[in-house]
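K.L.:
One letter stands for each residue in the lines below.
2 protein chains.
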Amino acid sequence: MPRYEQLADDMEAAVRRGVFAAGERVPSVRRASVQHGVSIKTVVHAYALLESRGVIESRPQSGFFVKARPVQRDGPDSREDLVARAAQAARGTKPRRAGAAKVPMGSVPNAVPAPVDVSRLVLSTLRSIVAQDAVPLGSPYPDPALFPWRRINQYANAIARRHASWNLIDDLPPGNPELIRQIARRYAENGADVDPEEIVITVGATEAINLSLQAVAKPGDTVAVESPTYYAMLHAIERLGMRAIEVSTHPDTGIDLDALERVLARKKVAACMVMPNFQNPLGFRMPEAHMKRLVALAEAHDLPVIENDVYQELYFGPTRPSSLKQFDTRGLVLHCASFSKSLSASYRIGWALPGRYRAQVEKLKFLNTLTTPSVPQVALADYLRHDGYDRHLRRLRRFYRQQARLMRAMIERFFPAGTRTSDPQGGYVLWVELPPRVDSMRLYRAALAQGITIGPGYMFSMRNDFHHYIRLNYSYPWTEQTEAALKTLGELAAKMA
Amino acid sequence: MPRYEQLADDMEAAVRRGVFAAGERVPSVRRASVQHGVSIKTVVHAYALLESRGVIESRPQSGFFVKARPVQRDGPDSREDLVARAAQAARGTKPRRAGAAKVPMGSVPNAVPAPVDVSRLVLSTLRSIVAQDAVPLGSPYPDPALFPWRRINQYANAIARRHASWNLIDDLPPGNPELIRQIARRYAENGADVDPEEIVITVGATEAINLSLQAVAKPGDTVAVESPTYYAMLHAIERLGMRAIEVSTHPDTGIDLDALERVLARKKVAACMVMPNFQNPLGFRMPEAHMKRLVALAEAHDLPVIENDVYQELYFGPTRPSSLKQFDTRGLVLHCASFSKSLSASYRIGWALPGRYRAQVEKLKFLNTLTTPSVPQVALADYLRHDGYDRHLRRLRRFYRQQARLMRAMIERFFPAGTRTSDPQGGYVLWVELPPRVDSMRLYRAALAQGITIGPGYMFSMRNDFHHYIRLNYSYPWTEQTEAALKTLGELAAKMA
Chain A
1 MPRYEQLADD MEAAVRRGVF AAGERVPSVR RASVQHGVSI KTVVHAYALL
51 ESRGVIESRP QSGFFVKARP VQRDGPDSRE DLVARAAQAA RGTKPRRAGA
101 AKVPMGSVPN AVPAPVDVSR LVLSTLRSIV AQDAVPLGSP YPDPALFPWR
151 RINQYANAIA RRHASWNLID DLPPGNPELI RQIARRYAEN GADVDPEEIV
201 ITVGATEAIN LSLQAVAKPG DTVAVESPTY YAMLHAIERL GMRAIEVSTH
251 PDTGIDLDAL ERVLARKKVA ACMVMPNFQN PLGFRMPEAH MKRLVALAEA
301 HDLPVIENDV YQELYFGPTR PSSLKQFDTR GLVLHCASFS KSLSASYRIG
351 WALPGRYRAQ VEKLKFLNTL TTPSVPQVAL ADYLRHDGYD RHLRRLRRFY
401 RQQARLMRAM IERFFPAGTR TSDPQGGYVL WVELPPRVDS MRLYRAALAQ
451 GITIGPGYMF SMRNDFHHYI RLNYSYPWTE QTEAALKTLG ELAAKMA
Chain B
1 MPRYEQLADD MEAAVRRGVF AAGERVPSVR RASVQHGVSI KTVVHAYALL
51 ESRGVIESRP QSGFFVKARP VQRDGPDSRE DLVARAAQAA RGTKPRRAGA
101 AKVPMGSVPN AVPAPVDVSR LVLSTLRSIV AQDAVPLGSP YPDPALFPWR
151 RINQYANAIA RRHASWNLID DLPPGNPELI RQIARRYAEN GADVDPEEIV
201 ITVGATEAIN LSLQAVAKPG DTVAVESPTY YAMLHAIERL GMRAIEVSTH
251 PDTGIDLDAL ERVLARKKVA ACMVMPNFQN PLGFRMPEAH MKRLVALAEA
301 HDLPVIENDV YQELYFGPTR PSSLKQFDTR GLVLHCASFS KSLSASYRIG
351 WALPGRYRAQ VEKLKFLNTL TTPSVPQVAL ADYLRHDGYD RHLRRLRRFY
401 RQQARLMRAM IERFFPAGTR TSDPQGGYVL WVELPPRVDS MRLYRAALAQ
451 GITIGPGYMF SMRNDFHHYI RLNYSYPWTE QTEAALKTLG ELAAKMA
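Protein chains in written order, with UniProt numbering: chain A, 1 to 497; chain B, 1 to 497.
Keep in mind the hints are simulated off the structure, nothing from the lab.
All C-beta atoms in this analysis are idealised placements derived from N, C-alpha and C, irrespective of residue type, glycine included.
You may find that some hints are simply not true.
To be verified - Listed below are the simulated PhoX-like cross-link pairs for lysine-lysine, each with C-alpha atoms no more than 25 Å apart in a straight line:
| # | chain 1 | residue 1 | chain 2 | residue 2 |
| --- | --- | --- | --- | --- |
| 1 | B | K292 | B | K267 |
| 2 | B | K218 | B | K268 |
| 3 | A | K268 | A | K218 |
| 4 | A | K218 | B | K218 |
| 5 | A | K268 | B | K268 |
| 6 | A | K292 | A | K267 |
| 7 | A | K218 | B | K41 |
| 8 | B | K41 | B | K67 |
To be verified - Partner residues are not named here, just some residues of chain A that face chain B (Cβ under 10 Å, in silico):
| # | residue |
| --- | --- |
| 9 | A21 |
| 10 | R25 |
| 11 | V29 |
| 12 | S119 |
| 13 | N176 |
| 14 | R185 |
| 15 | H235 |
| 16 | R239 |
| 17 | S340 |
| 18 | E362 |
| 19 | R385 |
| 20 | Y389 |
When you get a sec, could you build the whole thing from the sequences and use the hints?
P.N.:
Here it is, written out as structure tokens:
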């Protein structure tokens with residue numbers, strides 16, 4: 001790619017990201033040449049290209065400016081119209097096929113531990129979402145527009161003004177004491193008895209999971225995971241040079257405890273990683289009886305269990321789900337969670353409740369990233385203390401539940417016979433089983449060419465069990481574009497089936 | 001400790017941290033009892049204790065309020081007075097003893113690789129600084145009050161307002177493109193040719209160093225480090241279950257290249273970790289000829305070199321120092337740096353230039369913490385683009401250089417005969433060799449009892465070579481308290497000698 005084209009791409013990306021706002025002046029040709037270390041000619045070329053793309057415009061005697069663009073996201077009114085229309089369309093669809101009502105099948109246990117390398121696929125999928133500016137059905141993240149970012153930003157700004165300079169040393173691991181207290185209070189209010197002293201604040205749940213795994217297992221060890229599993233679990237295993245053993249997982253009740261018991265009887269397993277609430281991608285809520293049995297199994301085998309509970313607040317039922325942690329009497333459960341799915345993704349604040357492994361996790365946190373940035377910690381603590389988190393969550397849950405129904409109905413309407421969908425009990429992702437002849441990577445590439453992303457099943461397992469499954473994100477408000485994208489996906493799948 | 005006292009301690013810490021500002025109302029007894037899950041009686045007890053400590057006051061009919069306290073930090077005028085007085089006092093001191101002018105001795109190479117566990121000592125030292133609110137001579141961090149936090153906060157706030165909700169996916173590794181560009185531009189302006197494509201943004205230099213080490217070595221491998229070395233290097237080795245081999249390091253020129261060559265000839269070494277510019281704790285600036293020879297040695301042995309260059313901007317001489325990276329033609333140098341020592345510590349923004357290991361480092365970043373928070377990245381990019389970073393740095397360098405002189409003079413004045421100090425060429429720490437009979441851990445404990453912290457030599461090596469050395473931080477503006485603390489330290493050391 002010629003240098004000028006690269007520069008133009010970079011600048012266009014910067015404009016899209018809002019580094020230069022609409023109407024703002026971009027650096028002069030001379031300045032840009034110095035800034036980017038390229039010749040004047042290269043900048044002139046790049047700017048001409050950006051003009052022809054409609055990104056910037058030249059104004060005589062004043063330079064180049066970012067062109068105003070029509071707002072792409074629908075306003076609240078038209079969005080509601082659309083949702084109403086889509087819901088009506090969904091209701092008008094033919095009665096549910098028997099097959100469509102069924103949930104995707106559970107998987108077969110994999111008896112052979114395998115070293116892991118799924119991260120490349122995941123990272124390139126995520127990148128394509130950004131690069132193509134595509135309909136983000138493949139995104140693992142919730143629509144941040146639904147979060148109370150304005151309030152949180154206000155708290156952050158007030159703190160920054162009040163505290164001025166922040167001393168790094170004030171928030172050494174385990175983290176900001178006030179945030180820790182607020183997190184413990186929330187658990188308490190929800191009937192879970194959590195000792196604030198146990199909490200360690202981390203950079204998102206990602207770090208919490210990584211540190212937890214490192215605290216209980218070492219390179220070369222075997223770790224039991226669900227199948228399909230959330231790929232962050234596989235990443236943690238990959239990062240530490242461990243081996244994963246996949247255990248059959250039921251779409252309604254979670255990891256198959258008989259299968260897990262057989263694995264434990266046969267193999268030395270250093271840890272087990274599960275997501276009992278609204279697992280990504282399956283969306284189940286593990287029944288309490290299963291939770292208790294899993295904890296009992298862990299105790300019988302002295303097996304540390306890493307519980308990823310990032311969706312704990314996003315339940316669709318009338319009550320907040322339990323967690324493995326609540327049934328753990330021997331400190332074997334390392335409970336990991338975050339605010340990224342329910343309050344603020346970009347702040348990257350998570351935590352671990354590492355049970356008897358607390359000291360190791362805290363020390364590893366210190367070694368891994370020293371501290372978690374302070375202002376985001378205090379801003380979230382202030383929000384939790386003074387603001388309407390519960391009100392926000394009620395709204396979010398209602399919205400996700402409605403979106404889940406809508407997307408299931410749309411899939412039933414547009415997708416080929418033989419398609420089956422999960423019935424999520426919380427969270428914001430849907431797991432879709434396509435006819436076996438549809439390869440999810442082929443579908444992924446075909447969809448991407450049309451500006452649509454999906455999460456191919458390959459990301460969720462090291463086996464080939466889920467080659468015809470995809471994960472879809474329903475957190476983004478329904479638009480005509482979403483509907484058109486699902487229609488296109490359905491047509492592409494039908495052609496491949 | 002009884003529950004009410006613990007609660008009082010926690011609340012006092014919260015007040016000190018500014019969670020409750022002076023004059024602000026603290027939660028009512030009833031509310032606090034619910035919040036902290038303790039009885040009304042416990043809260044009443046705790047509040048009474050806080051009243052007697054002078055932290056809060058009760059106002060009839062209205063509850064408890066945080067008491068206004070006299071501002072503890074001196075205003076700019078009195079501070080200047082103090083510095084002037086201290087400088088004068090220093091000039092009045094007896095002429096330098098021959099011994100005092102000498103720099104501390106280099107160490108003996110350690111031929112036996114040892115597994116590492118220094119982090120516990122370091123973490124507890126850091127904690128004691130917070131808990132005791134002591135004179136922070138033992139702190140590894142620069143005084144944040146000297147940073148342009150007001151400007152940076154303004155940028156952060158403007159971004160938060162402009163962008164509102166931030167999509168996590170926008171700043172996937174390698175990181176925010178604009179920040180990457182600004183970092184590359186700075187290198188370019190300083191004559192270092194850096195490809196922006198090589199940069200990976202991390203959570204501080206800590207993460208950059210961790211990921212770099214993980215990219216080039218595996219558990220059980222041996223890694224060569226300086227002796228004394230900055231303990232973050234030892235932490236990285238400890239975190240990954242590797243072994244460290246300490247190489248004699250000269251206080252003026254850095255790692256002993258002959259000694260390193262002998263180690264390489266004898267042992268399989270997976271990587272070498274050094275800090276060529278203003279090493280913490282020694283403060284030397286490695287001569288360019290040494291840098292070139294070190295890179296040549298690395299190339300001859302195909303040895304990855306992790307270069308910690310966090311003090312690159314804090315030079316006292318007329319020119320910015322070179323870095324190993326500039327002499328590296330084969331991509332063997334993994335250069336790590338951050339803004340934490342020169343612009344904003346609490347933002348936790350660092351980066352790596354990982355040479356030929358870039359793909360691995362980027363992937364490990366993704367696995368380790370997913371992304372680095374966005375707003376801090378963009379705020380620093382905006383600051384670099386629009387603000388007076390160079391002006392700020394010039395001021396900071398001048399100030400640190402003056403402080404270094406002042407502290408050396410004070411030590412000469414107050415410390416026992418046989419004390420020798422380093423002559424830092426940059427940065428903000430001083431390395432002090434005490435008479436051999438002074439044990440730095442004993443001194444550390446005795447000093448802490450007097451409200452003074454120091455960095456005991458044990459933190460910088462797994463050997464016993466530095467038991468009579470301490471590291472002192474001179475980034476904090478000179479006050480009477482600093483002077484009194486140094487005097488006390490000198491007296492304690494004299495007693496032990």
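K.L.:
Does the alpha-carbon distance linking B:K218 and B:K268 stay inside the 25 Å limit?
P.N.:
holds, 13 Å
K.L.:
With the threshold set at 25 Å, check whether the alpha-carbon distance from B:K41 to B:K67 stays at or below it.
P.N.:
holds, 22 Å
K.L.:
Taking 10 Å as the limit, does the beta-carbon of A:Y389 come near enough to a beta-carbon in chain B?
P.N.:
Where the cut-off is 10 Å and the nearest Cβ of chain B is about 15 Å from A:Y389, the hint is violated.
K.L.:
Would the pair A:K218 and B:K41 pass a check requiring their Cα atoms to be no farther apart than 25 Å?
P.N.:
violated, 47 Å
K.L.:
Verify the interface restraint on A:A21: the C-beta must sit less than 10 Å from at least one C-beta of chain B.
P.N.:
Holds: closest Cβ of chain B sits about 7 Å from A:A21, inside 10 Å.
K.L.:
Quick one, is the A:V29 hint okay against chain B at 10 Å, beta carbons?
P.N.:
violated, 16 Å
K.L.:
Can the hint on A:R185 be confirmed by a CB-to-CB distance to chain B that is less than 10 Å?
P.N.:
holds, 6 Å
K.L.:
Grab the minimum C-beta distance from A:R25 to chain B and call the hint holds if it beats 10 Å, violated otherwise.
P.N.:
violated, 13 Å
K.L.:
Would the hint on A:R385 be counted as holding, given a Cβ-Cβ threshold of 10 Å to chain B?
P.N.:
holds, 9 Å
K.L.:
Straight-line Cα separation of A:K268 and B:K268 no greater than 25 Å?
P.N.:
Outside the cut-off at roughly 32 Å; violated.
K.L.:
Between the alpha carbons of B:K292 and B:K267, is the straight-line distance 25 Å or under?
P.N.:
OK: B:K292 and B:K267 at ~22 Å, within 25 Å.
K.L.:
Double-check A:E362 for me: the hint is only fine if its C-beta lies closer than 10 Å to a C-beta in chain B.
P.N.:
Hint on A:E362: holds, closest Cβ of chain B at ~8 Å, below 10 Å.
The structure shown violates the earlier hints numbered 5, 7, 10, 11, 20.
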